[in-house]
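Going down the list, the sequences are from chains S and R.
The first sequence: position 96 = 624 (the numbering used here), numbered continuously.
The second sequence: position 17 = 295 (the numbering used here), numbered continuously.
Possibly wrong hints are sitting among the right ones.
[What the hints assert, rightly or not] DEER-style ranges, computed between Cβ atoms:
no. : chain 1 : residue 1 : chain 2 : residue 2 : range
1   : R       : Gly-392   : S       : Pro-774   : 53 to 59 Å
2   : S       : Ala-770   : R       : Ser-477   : 36 to 42 Å
3   : S       : Thr-806   : R       : Gly-580   : 31 to 37 Å
4   : R       : Ser-470   : S       : Ala-770   : 29 to 35 Å
5   : S       : Phe-565   : R       : Asp-401   : 39 to 45 Å
6   : S       : Phe-565   : R       : Phe-457   : 25 to 31 Å
7   : R       : Val-576   : S       : Thr-806   : 21 to 27 Å
For the record, the hints were derived by calculation from the structure and aren't laboratory data.
Backbone N, C-alpha and C define an ideal beta-carbon position, used for all residues, glycine too.
Spelled out, the chains give:
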Amino acid sequence: MDKMPKWVDIAVIPLINLFLALVVSGLVVLYIGEDPFRAMSILINGAIGSTYGWGYTLYYATNFIFTGLAVAVSFQAKLFNIGGEGQAAIGGLGVALVCLAMPWPHWTLALPFAVLGGALFGAAWAAIPAFLQATRGSHIVITTIMFNFIASAVMVYLLVNVLKKPGSMAPETSRFPEGAFLPKAFDMASVLGLPFSRSAPLNVTFFVALLCCLLVYLLLWHTRLGYQIRAFGHSEPAARYAGISPVKITMVTMLISGGLAGLMGINAVMGEAQRLVTDPVQGAGFVGIAVALMGRSHPLGVLLAGLLFGMLYQGGGELEFEIPAISREMILVIQALVILFTGALDNMIRMPVERLFARARKKAA
Amino acid sequence: MDLLTIIQILDSALRLATPLLFACLAGLFSERSGIFDIGLEGKILMSAFLSASVAAFSGNVWIGLLGGVAGSVFLALLHGVASITFRGNQLISGVAINFLASGITVIIGENWFGLGGRTPQLDGPARFQDITLPFAESLGGVPVVGPIYGELISGHSILVYFGLLAVLGTWWLLFRTRFGLRLRAVGENPESVDTAGVSVIRMRYSAVLICGCLCGLAGTYLATGLAAGFVKEMSAGRGFIALAALIFSKWRPGYALMACLLFGLLEAIGNRYQNIDIGGFQVPVQFMQALPYILTVVILAGFVGKAIPPRAGGEPYVKER
Numbered sequence: 529m530d531k532m533p534k535w536v537d538i539a540v541i542p543l544i545n546l547f548l549a550l551v552v553s554g555l556v557v558l559y560i561g562e563d564p565f566r567a568m569s570i571l572i573n574g575a576i577g578s579t580y581g582w583g584y585t586l587y588y589a590t591n592f593i594f595t596g597l598a599v600a601v602s603f604q605a606k607l608f609n610i611g612g613e614g615q616a617a618i619g620g621l622g623v624a625l626v627c628l629a630m631p632w633p634h635w636t637l638a639l640p641f642a643v644l645g646g647a648l649f650g651a652a653w654a655a656i657p658a659f660l661q662a663t664r665g666s667h668i669v670i671t672t673i674m675f676n677f678i679a680s681a682v683m684v685y686l687l688v689n690v691l692k693k694p695g696s697m698a699p700e701t702s703r704f705p706e707g708a709f710l711p712k713a714f715d716m717a718s719v720l721g722l723p724f725s726r727s728a729p730l731n732v733t734f735f736v737a738l739l740c741c742l743l744v745y746l747l748l749w750h751t752r753l754g755y756q757i758r759a760f761g762h763s764e765p766a767a768r769y770a771g772i773s774p775v776k777i778t779m780v781t782m783l784i785s786g787g788l789a790g791l792m793g794i795n796a797v798m799g800e801a802q803r804l805v806t807d808p809v810q811g812a813g814f815v816g817i818a819v820a821l822m823g824r825s826h827p828l829g830v831l832l833a834g835l836l837f838g839m840l841y842q843g844g845g846e847l848e849f850e851i852p853a854i855s856r857e858m859i860l861v862i863q864a865l866v867i868l869f870t871g872a873l874d875n876m877i878r879m880p881v882e883r884l885f886a887r888a889r890k891k892a893a
Numbered sequence: 279m280d281l282l283t284i285i286q287i288l289d290s291a292l293r294l295a296t297p298l299l300f301a302c303l304a305g306l307f308s309e310r311s312g313i314f315d316i317g318l319e320g321k322i323l324m325s326a327f328l329s330a331s332v333a334a335f336s337g338n339v340w341i342g343l344l345g346g347v348a349g350s351v352f353l354a355l356l357h358g359v360a361s362i363t364f365r366g367n368q369l370i371s372g373v374a375i376n377f378l379a380s381g382i383t384v385i386i387g388e389n390w391f392g393l394g395g396r397t398p399q400l401d402g403p404a405r406f407q408d409i410t411l412p413f414a415e416s417l418g419g420v421p422v423v424g425p426i427y428g429e430l431i432s433g434h435s436i437l438v439y440f441g442l443l444a445v446l447g448t449w450w451l452l453f454r455t456r457f458g459l460r461l462r463a464v465g466e467n468p469e470s471v472d473t474a475g476v477s478v479i480r481m482r483y484s485a486v487l488i489c490g491c492l493c494g495l496a497g498t499y500l501a502t503g504l505a506a507g508f509v510k511e512m513s514a515g516r517g518f519i520a521l522a523a524l525i526f527s528k529w530r531p532g533y534a535l536m537a538c539l540l541f542g543l544l545e546a547i548g549n550r551y552q553n554i555d556i557g558g559f560q561v562p563v564q565f566m567q568a569l570p571y572i573l574t575v576v577i578l579a580g581f582v583g584k585a586i587p588p589r590a591g592g593e594p595y596v597k598e599r
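Next comes chain R alone, as it looks inside the complex (with noise of 0.2 Å):
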C-alpha cells in the first residue's frame, strides 16, 4: 500500500466521518441533558431529503441547509413535545421519529419530484462543493507534505471544517461556560438544577433543539455534499452508528470524534476493498460492516473501559408539588 492509496482512504474516511460526526455531536447534547435519542436516523433521514429538496428548488445549496435544518428541527421539536412536555417514553417516540422519516420523505418526495421517492441530480450551486485551501496548489511538488495537505485537508466541502470546528464548539460550550455546566447538571441530577432555580423543562428543550440542528447538519452534508440528491433511505443506518460513537466515546466531544474517525475509517475501508487478507485469513466485507456495532457492544459490556451514561438519562422530569 503505497502513501497515495492511504490518503485516498483517509480522506474518504474523514467525508465519511462528517455525517456521523454531526449526529454524534447531536446525541451528545440532547443525552448530556438526559434526552435519549434513538431518533438520530430520523432526524437526519429529514433532513436530507428536505435540504435536497429545498436545494433543486431554490438552486442553492445554502437554501437548502435552512430547510434540512428546519425538517430536522421539527422532529426534534416532536421528540422533546413527547418526552419533555408529555413524559412520554423517550426510546418509544424516537422509533416512532424514525419510521416517520422513512416514510414521510418517500410520500412527499414522489408527490413533488414523481422519481420513485428521489430528488433530481444536484449540481452547480445547489450543491456544497469542495473547497481548495490557500496553498495546496503550490504545495503539491513537495513530497509527502503536499499530497497530505493537498488531498486530505484540502478539498472538502465547508461542512466538513465546520464539523470539526464543532467538535471544539461542543467542548467549550458544555466544559467552558454556565449553559454547558447547568445543561450536564439537567442531565445527572434535575432536581439540583431545579432547586437552583433554572427551568429543567426549558434546558432540556434548548439541548434538544441543538441536536435537530446538529442532524440537520448531519443530513445536509449526507445529501448535498456526500451525494448529489436524496435517495429512499440514504441514511442507511448512519444515526445508529452515531449512537454507538457516542457510545464510544463515553459522551465526550473530543473522544466523539475519535470514534467517528474511527467509524468513518471503517467504512472506507469497507468500500475500498471487499475482503482483507490479513495473515492468511480472509476478513468478509461483512465484519467490517458490523464491527461499529460489535465494538459498542463490547465497551457497553464494560470489558473495554465501561461506558456510563448521564444518570437521569430517559427519565422524564416531573416537579415536585
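The following block holds chain S by itself, in its conformation from the complex (with noise of 0.2 Å):
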C-alpha cells in the first residue's frame, strides 16, 4: 500500500520544496537590505508582463526542457547524466555544422538535418561515458563530468583553430547561411496577425520541445524499450533476470539523453545566436539537473519546471536591471536550493508528511 496519495508525492512536495527554496532565497534578498516580495513581483512581471518577457522565458524553457528531459530518461534507468553540459554544447557544433554544410534553401529543410546532426552528436558525446559504465563500471557521474570539461577543450580547440570565420578575432563561426534561420515567434504571430515582440529569441524550436516531450512520454511508458529502461531502474537484478541486458538498456538509455540534450543546439546555435559561439550551453545542461529533479522525472513535469526555470531566468535577468544589487546570480542561488531541496533533502519534508498521512489513515480507519 502507498504511504500517502499519488497526488502529494507529484505535487504538493515538489511545491513544498520550491516554497521552502523560494523563502531561503528571500532570507538572502533580505539580509542584502532588499524587499523580497518586490523582487519577486519584479521577476514575475519581468517573466510573464509583456511579449518580450514571454520570448525570453519560453526560448530559456526550450533550452531546459531538452536538458531536464535528457536528465529525466537517464534518472529513469537510475543513471545520473551530469554531462548535459557538453552533450549540448558537442550537439551545437553537429547543429552548426549542419547548418554551414551548405546553402540551405529554406528552414524546413535545413531543420530535419539539424535536429539529426545535434543529436547525433549530442549521443555521440555521450557514447563513450555510456559505453564505459556499461562495459567496465566507470562510475558515470565522474566520467559525464569529464567529458563536460573535455567538451568545453575541444569547442574551444576547434573554433580558435579551426571553425573560426576567416580574418574574424572573436572565436566564433561565421553566420549561417539565410535559409538556416529558424522562423522567431514575431515572424510566426505575424502570420496569425497577432502582435508578438520583434527582439525576443523564442522560435519554432519550442514546438520540437514539446514534440520530444511527447515522445518521451511515449517511450518511456507506452513502449517495450520504456519498459525495460525503467524496470532497470526500479531494480538491475530484476531486470537482469527478466532477461533485460544492462548493457543495452545503459548505452541506449545515455544515447537518447545525450540525443536529447544534444538537440538543445537548435534553438541555442540555430534558432538564436545564428553562429556557433565557444559556450552555446550556457550552463543550461546543469539546469536540467534542476528541472529533471522539480519534475519528478516526467516529461510533463520536466515541461512545467522547465517553464518555471524559463520564468526565473527571464525574470531574473530582468531583477538585475531593476534593483543593481540583486545581481544574475540570484538565479544560480534559487536553482541550487532548489536541487538541494527537491533533490538532497527531500526526506526532510517526505517523512514528516508521510507521517501525517499514516495519522489520518489510521484515525480513519
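Build the complex from these two chains, which are given one at a time in their own frames, with help from the hints.
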C-alpha cells in the first residue's frame, strides 16, 4: 500500500520544496537590504508581463526542456547523466556543421538535418561514458563530469583553430546561411496577425521541444524499450533476471539522453545565435538537473519545471536591471536551493508528510 | 630548456598543486567514509571568498583562514545533513552546493564590497607571504643545489609546506590509527562497523567535517596565497581536477600527492607555453588543459590499472530495525 496519495507525491511535496527554496532565497534578498516581495513581483512581471518577457521565458524554457528531458530519461534508468552541458555543446557543434554545410534553400529542409546533427553529436558525446559504465563499470557521474570539461576544451580548440570565421578575431563561426534561419515567434505571430516582440529569441524549436516531451512520454510508458528502461532503473537484478541486458539499456538510455541534450543546440545555436560560439550552452545542461528533479523525471513535470526555470532566468535578468544589488547570480542561488530541497533534502519534507498521512489514515480506520 | 626554466616550472607546479592537494585529501577523507563529494568545487570557492573577505576586513590572513574554513565547513555540514541525516542523494547534494557557492559568493561579495563580486586587493599581513627557509641565501652560490633549494624548495607560503605535511598526516591518520581503520571500514562495510558498536553516523560526520576543513585550506590558499584576493568563479574547476586526482590516486594519500603534482605541472606548462612542439607536431594548449580529465577517464576505464572506489560510497546507511 502506498504511504500517501499520489497527488501529494507529485504535486504537494515539490511545491513545498519550491516554497522553501523561495523562502531561503527571500532571506538572502532581505539580508542584502532589498524587499523580497518587490523582487518577486519584478521577477514575475519581467518574465510574463509582456510578449518580450514571454519570448525570452519560453526561449529559455525550450533549452531547459531539452536538457531536463535528457536528465529525466537517464534518471528513469537510475543513471545520473550530469554531462548534459558537454553533450549540448557538442550537439550545438553538430547543428552548426549541418547549417554551414550547404546554402540551405529553406528552413523546413534545414531543420530535420539539424535535428539529426544535434542529436547524433550529443549522443556520440554520451556514448563513451555510457560504454565505459556498461562494460567497465566506470562511474558515469565522474566520466560525464570529465567529458564536460573535455567538451569545452574541444569547442575552444575547434573554434579558435578550425571553424573560426576567416579574418575575425572572435572565436566564432561565420553566420549561418539565411535559409537556415528558423522562424521566430514574431514571424509566426505576424502570420496570425498577432503582435509579438520582434527581439525575443523564441522560435519554432519550442514546438520541437513539446514534441520531444510527448515522444519521451510515449517511449517510457508505451513501448517495450521504455518499460525495460524503467524496470532497469527500478531494480537492476530483477531486470537482469527478466532477461533485460544491462549493457544494452545503459547504452540506449544514455544515447537517448545525450541526443536530447544535443537537440538544445537547435534552439541556442540555430534559433538564437545563428552562429556557433565557444559556450552556446551557458549552464543550461546543469539547469536540466534541477528541472528533472523538480519535474519528478516525468515529461509533463519537466515541461512545467522548464517553464518555471525559464521564468526564473528571464525574470532574474530583469530583476538585475531594476535592482542592481540583486545580481544575476541570484538565479544560481535559487537554482541551487531548488536542487537542494527537491533533490538532496527531499526526505526532510517527505518523512513528516508521510507520517502525517499515516496518522490520518489510522484515525479514519 | 635550461635548469632555471625547469626550476621555475616546477616551482609554479608546486604552487598550483597545493590547492588541488588540499581538496584532494579532503575528498579522500569524505569518500573513504562512503560519502561521495562532488561539491569540492563549491567548498573551495566559498572558502576562497570568505577567507579573502575576512582577511580584507581584519587585515590579518590568519583570521581570514578561520573565516575560509568556517565557510567551507558550513557547506560540508549541509552536505552531511543532506546525505547522512536525511539520506539524500550525495551527488545531487554536491551539485547543489556547487551552484550555491558560485551564486552566493558573488551576491554577498557585491553587497559587502561593491566591486562586482571581487574582494579588495589584499597585501601585507592580509596575505600569506612567501617564507624563506634557512640557508636559502647562503646556498645560493652553489651550482644546481643552490637554485633548487633556494627557488624550488624555499620561498613558498606556509600553507604549501603544510599541504605536504597533510599528506603524511592523512596517511598516518587513515592507516595507523584506530580512527582511520574505522573510517575506512565505514566506507567499505558500514554494517560491520555498526555491529562493532561504532556509530556510522558519527564517523561519517567527522569525515565530512575534516573534508570541510581541508577544502577550507584549499580555498584560503587560492585567494590569499596564490592570488591576492577573491574573484568571481576563481576556483575554475579545481574541485573537479582534485576529484580527478583522487580517482587517479585510487583514494591513497601518497599517490594523491603525485597526482596533484602531475596535474599542477600540466597547468604550469600550459600557463607557460601556449603551444608545445613535440617532434614537429603542435600540441594545442586546450589539450593540455583537458589532459587531467582525459587521464582520469582512461584510469576509470581500467585500461591502466583499475580504480575501485570504496564499496559503500554513495549509499546512505540505514540501520536495520
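Those earlier numbered hints the structure runs against, lowest number first | 6
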